[in-house]
Amino acid sequence: MSLTRRGGLIRPGAALACLALCACVHTGPAAPPTSPPKPETGRFHFVDVAAGAGITRVTWAGRPGKDHLLDSAGTGAAFLDYDRDGRLDIYVVNGWRLEAPDGPAPEKTRVIERGRNALYRGMADGTFRDVTDAAGVAGEGLWGSGVAVADYDADGWPDLLVTGLGPNVLYRNKGNGTFENVAPRLGIEAPGWNTGAAFLDAEGDGDLDLYVASYIVVTMDEVLSARPTLDWKGLEKVAFGPFGLTGAPDHYFRSEGGRRFVDATAEAGLLDKGRAFGFAARAADFDDDGDLDLYVANDSDPNYLYRNEGDGTFKEVGVWSGCALDANGAAQASMGVAVGDATGDGVLDLVTTNFSEDFSTFYRGLGGGSFEDASEETGVGPATFQPMSWGTAFADFDNDGDLDLVVANGHIYPQIDRHPEVLGTFRQRTLLLENRAGRFVDVTAQAGPGFQELESSRGLAVGDYDNDGDVDILITHLDAPPSLLRNESRGEGSWLEVACEVPGGTAIPTGATVTVTAGGRTQRRDIASGDSYMSSHDPRPHFGLGDASAAQTIDVRWPDGSHTVRHDEAARRLVTIRKGS
Amino acid sequence: MKSAHVRRIAAGAVLAAGVLVLGTLEVRAQAGGMPAGTPPAMVKTYESLADAILAVKTTEANLVRAILGAGYAHAQGELDRARKAIKASDTKGAQAALEALASAVGQLGTEGDNAVGAVRKRLLEGGHHHNAAGEAKGIYDEGFVVVTRVAKQAFLDSSKAIGLLARAPKGDALENEWKKVEATWASMMKGGA
Numbered sequence: 001m002s003l004t005r006r007g008g009l010i011r012p013g014a015a016l017a018c019l020a021l022c023a024c025v026h027t028g029p030a031a032p033p034t035s036p037p038k039p040e041t042g043r044f045h046f047v048d049v050a051a052g053a054g055i056t057r058v059t060w061a062g063r064p065g066k067d068h069l070l071d072s073a074g075t076g077a078a079f080l081d082y083d084r085d086g087r088l089d090i091y092v093v094n095g096w097r098l099e100a101p102d103g104p105a106p107e108k109t110r111v112i113e114r115g116r117n118a119l120y121r122g123m124a125d126g127t128f129r130d131v132t133d134a135a136g137v138a139g140e141g142l143w144g145s146g147v148a149v150a151d152y153d154a155d156g157w158p159d160l161l162v163t164g165l166g167p168n169v170l171y172r173n174k175g176n177g178t179f180e181n182v183a184p185r186l187g188i189e190a191p192g193w194n195t196g197a198a199f200l201d202a203e204g205d206g207d208l209d210l211y212v213a214s215y216i217v218v219t220m221d222e223v224l225s226a227r228p229t230l231d232w233k234g235l236e237k238v239a240f241g242p243f244g245l246t247g248a249p250d251h252y253f254r255s256e257g258g259r260r261f262v263d264a265t266a267e268a269g270l271l272d273k274g275r276a277f278g279f280a281a282r283a284a285d286f287d288d289d290g291d292l293d294l295y296v297a298n299d300s301d302p303n304y305l306y307r308n309e310g311d312g313t314f315k316e317v318g319v320w321s322g323c324a325l326d327a328n329g330a331a332q333a334s335m336g337v338a339v340g341d342a343t344g345d346g347v348l349d350l351v352t353t354n355f356s357e358d359f360s361t362f363y364r365g366l367g368g369g370s371f372e373d374a375s376e377e378t379g380v381g382p383a384t385f386q387p388m389s390w391g392t393a394f395a396d397f398d399n400d401g402d403l404d405l406v407v408a409n410g411h412i413y414p415q416i417d418r419h420p421e422v423l424g425t426f427r428q429r430t431l432l433l434e435n436r437a438g439r440f441v442d443v444t445a446q447a448g449p450g451f452q453e454l455e456s457s458r459g460l461a462v463g464d465y466d467n468d469g470d471v472d473i474l475i476t477h478l479d480a481p482p483s484l485l486r487n488e489s490r491g492e493g494s495w496l497e498v499a500c501e502v503p504g505g506t507a508i509p510t511g512a513t514v515t516v517t518a519g520g521r522t523q524r525r526d527i528a529s530g531d532s533y534m535s536s537h538d539p540r541p542h543f544g545l546g547d548a549s550a551a552q553t554i555d556v557r558w559p560d561g562s563h564t565v566r567h568d569e570a571a572r573r574l575v576t577i578r579k580g581s
Numbered sequence: 001m002k003s004a005h006v007r008r009i010a011a012g013a014v015l016a017a018g019v020l021v022l023g024t025l026e027v028r029a030q031a032g033g034m035p036a037g038t039p040p041a042m043v044k045t046y047e048s049l050a051d052a053i054l055a056v057k058t059t060e061a062n063l064v065r066a067i068l069g070a071g072y073a074h075a076q077g078e079l080d081r082a083r084k085a086i087k088a089s090d091t092k093g094a095q096a097a098l099e100a101l102a103s104a105v106g107q108l109g110t111e112g113d114n115a116v117g118a119v120r121k122r123l124l125e126g127g128h129h130h131n132a133a134g135e136a137k138g139i140y141d142e143g144f145v146v147v148t149r150v151a152k153q154a155f156l157d158s159s160k161a162i163g164l165l166a167r168a169p170k171g172d173a174l175e176n177e178w179k180k181v182e183a184t185w186a187s188m189m190k191g192g193a
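Chains R and U supply the protein sequences, listed in that same order. Under my numbering, think of the first position of the first sequence as 1, with each following residue one higher. Under my numbering, think of the first position of the second sequence as 1, with each following residue one higher.
Source of the hints: derived by calculation from the structure; they are not laboratory data. Predicted, not measured: the structure shown is a model, and the values here were computed from it. Built from N, CA and C at the ideal position, the CB exists for glycine as well. Treat each hint with caution, since some may be false.
Chain R residues, not near chain U, derived (Cβ > 10 Å throughout) [claimed, not checked]:
{"no.": "1", "residue": "Arg114"}
{"no.": "2", "residue": "Gly126"}
{"no.": "3", "residue": "Asp133"}
{"no.": "4", "residue": "Gly141"}
{"no.": "5", "residue": "Gly290"}
{"no.": "6", "residue": "Leu423"}
{"no.": "7", "residue": "Asp547"}
{"no.": "8", "residue": "Asp560"}
Selected chain R positions facing chain U (Cβ under 7 Å, derived; list incomplete) [as the list claims (entries may be wrong)]:
{"no.": "9", "residue": "Phe240"}
{"no.": "10", "residue": "Ala266"}
{"no.": "11", "residue": "Gly269"}
{"no.": "12", "residue": "Lys273"}
{"no.": "13", "residue": "Gly274"}
{"no.": "14", "residue": "Arg275"}
{"no.": "15", "residue": "Val319"}
{"no.": "16", "residue": "Ser321"}
{"no.": "17", "residue": "Ala327"}
{"no.": "18", "residue": "Gly368"}
{"no.": "19", "residue": "Ser370"}
Could you build the full structure based on these sequences and the hints that come with them?
Right under this line is the structure:
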């Protein structure tokens, strides 16, 4: 989240222009966003139904001028089924609303509102009801950042980990519609500015351990007294950092039966030696050896790939495995991450989202945990070069049997609106890239009105909230209510969704892999807790099946390594597979 | 240890300069007024400080070369281990050695591991660019002291190639890749890459 080395060095000078513009630097965006192009017709069609569905709470993001990086980092969101009624619910993390002081320093910023997180319960009619107060999950007054959903204590009910500036909050789901914050009791508060988190069973002992990425060392006082002091292209003063700020170390907590957690960062080989500016964490079995590895997207620093050595310890192998840097050997300003087998070869690929004037990077999985930067040839690079990108996900939005890519965008400096000719606007469209035989084609303009909205977007989660067989998209924005993009695409492809259940055990078998063979194609999905940009997706894997009317096999590899296999399952439905059945 | 030594040298230099400046101010006070030009004692102090600054920069280059030298030596050790394991058809041993070699070569490309990267980041944050002119010309990445962009790319490519070799260790492929590493190393240390 910075003026990167590749994104252009800070140009000194232009003093006159700066002086002329500084007077209004706190007033926020001056230029109205440009009108979106008229949507064209295509196979994709998404409509923002958030307002009508009751998703209305604004997610606040500091001051209008975004004087500190925390102001512009935004928040994550999650799809989950907290009440286990078969309908997805939504959780949205919130920041604070600030008012910049009129006078010079040391006059302090005023806190207008401590934004409250929101839990929306999915109703049978496709709307949502705000149940935050009843559930007791408003966020403890914290300036929130991210959310990861997992059943950390394996009691059959999904819990919520919320990160932000301050102590982590772990809302334990009591199973009666209410939650309690157990983070202090469990020893995972780790105060700081924590961001993306991921639960994973690193040791294979059945307990979910927790990795929490951290961004910079900062206090609320520093946030409140921040002023835009960084020169942006000689045109504006913008929020300072992250260069010049101190990176905060990430944390790893090993679970001891879900009853308490122990800080095992060093012991597990997960010391953040680079003190990198961490934003996103995603666990997956990248080398297909049966245990969960961990990928951490860092802003302006090399990304980490921690390979699980099979005993709960990790080795950082990002550089030589080819997914720490881009093809030019440069560290990028990585914000979000998407993981999936986008090339259909059975190997997980990775996408990291990055700063503006730098492409999002498509790391093609080569097998065995090795990657190569294929951004150019897949088209992901050219399509994502201009915007500043955050939340992202692979999903088969048109049910044709391959994974498309969605990327939420929005700049961090509202001041750029005064110079739209330089690099566009603060508010940007979310991009939809259609997978056409391994080449990702920008179909945003043809993807319906939902994709024509201009916002400064951040968190993104995908899930089939209306259980109609296609994947919908939840996106958070700065200083606006979230968007819920309902998928109304006209694709004729069939589909399958798989709910994995462990009778008497965890509500979400985090780390399970589901492989579906249908129509001569084998597809793979994994169930992760913590993904995208500080967000969590629908835990029920979705498969587009194209012309296939049935799946020949559905193979669930459970976190303990055992398998459940089903044969000849009809398509166009949600299949529930129970461990041991 | 070396890092602490350099820090001590720098701190000592600054302390000495400070003492000299104070001494100069005392001289000026005794003279009873501000001289027309810069007082010679101050110039002398500044010269001493310049010597210290330049010496620290040289020390930085030497230290980074030492870090890289240690890394290269480590890589050679892993290379030997890999060769022996391949010769003995010890696939598991060869894989481990090749991964360690890949990591070591990668760290040559990134001019040290993540911990060194953190120090480099700190220096950049403080406005210190060892090769500012070289960076402007695109020869060096920001903050890099010895490893040029060309060398960095070559090391990273070799690192990835060796990493891939770990999946199916082959002696001849390893030798070919190591020749590239050697050539890049030699050229870089001569100041050519």
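Against the structure, the hints come out as follows:
1. No Cβ of chain U comes within 10 Å of the Cβ of R/Arg114; the nearest lies about 31 Å off, and the non-interface call holds.
2. The Cβ of R/Gly126 sits about 47 Å from the closest Cβ of chain U, beyond the 10 Å cut-off, so the non-interface label holds.
3. For R/Asp133, the shortest C-beta to C-beta distance to chain U comes to about 43 Å, beyond the 10 Å cut-off, and the non-interface label holds.
4. Non-interface call for R/Gly141 relative to chain U: holds, since the shortest CB-CB distance, roughly 32 Å, exceeds 10 Å.
5. Look at R/Gly290: its CB is around 16 Å from the nearest CB on chain U, clear of 10 Å, so calling it non-interface holds up.
6. The claim that R/Leu423 lies off the interface holds: its Cβ sits roughly 21 Å from the closest Cβ of chain U, which is beyond the 10 Å cut-off.
7. Against chain U, the non-interface label of R/Asp547 holds: every CB pair exceeds 10 Å, the least being about 36 Å.
8. Non-interface call for R/Asp560 relative to chain U: holds, since the shortest CB-CB distance, roughly 25 Å, exceeds 10 Å.
9. For the restraint placing R/Phe240 at the interface with chain U, the shortest Cβ-Cβ distance is roughly 11 Å, beyond the 7 Å limit, so the hint is violated.
10. Interface hint status for R/Ala266: violated, as the beta-carbon distance to the closest one in chain U is roughly 13 Å, over 7 Å.
11. For the restraint placing R/Gly269 at the interface with chain U, the shortest Cβ-Cβ distance is roughly 12 Å, beyond the 7 Å limit, so the hint is violated.
12. A least Cβ separation of about 4 Å between R/Lys273 and chain U falls short of the 7 Å threshold, and the interface hint therefore holds.
13. With its C-beta approaching chain U no nearer than about 3 Å, R/Gly274 sits inside the 7 Å limit, and its interface hint holds.
14. At about 5 Å, the closest approach between the beta carbon of R/Arg275 and any beta carbon in chain U falls short of 7 Å, and the interface hint on this residue holds.
15. At its closest, the beta carbon of R/Val319 sits 4 Å from a beta carbon of chain U; the interface hint therefore holds under the 7 Å criterion.
16. Because the beta carbon of R/Ser321 sits about 6 Å from the nearest beta carbon in chain U, less than 7 Å, this interface hint is met.
17. Annotation: R/Ala327 was flagged as interfacial toward chain U, and the flag is violated, the nearest CB pair being 9 Å apart, outside 7 Å.
18. Hint status for R/Gly368 relative to chain U: holds, with the closest Cβ pair at about 5 Å, below 7 Å.
19. With a cut of 7 Å, the hint placing R/Ser370 at the interface with chain U holds, because the nearest CB-to-CB distance is about 6 Å.
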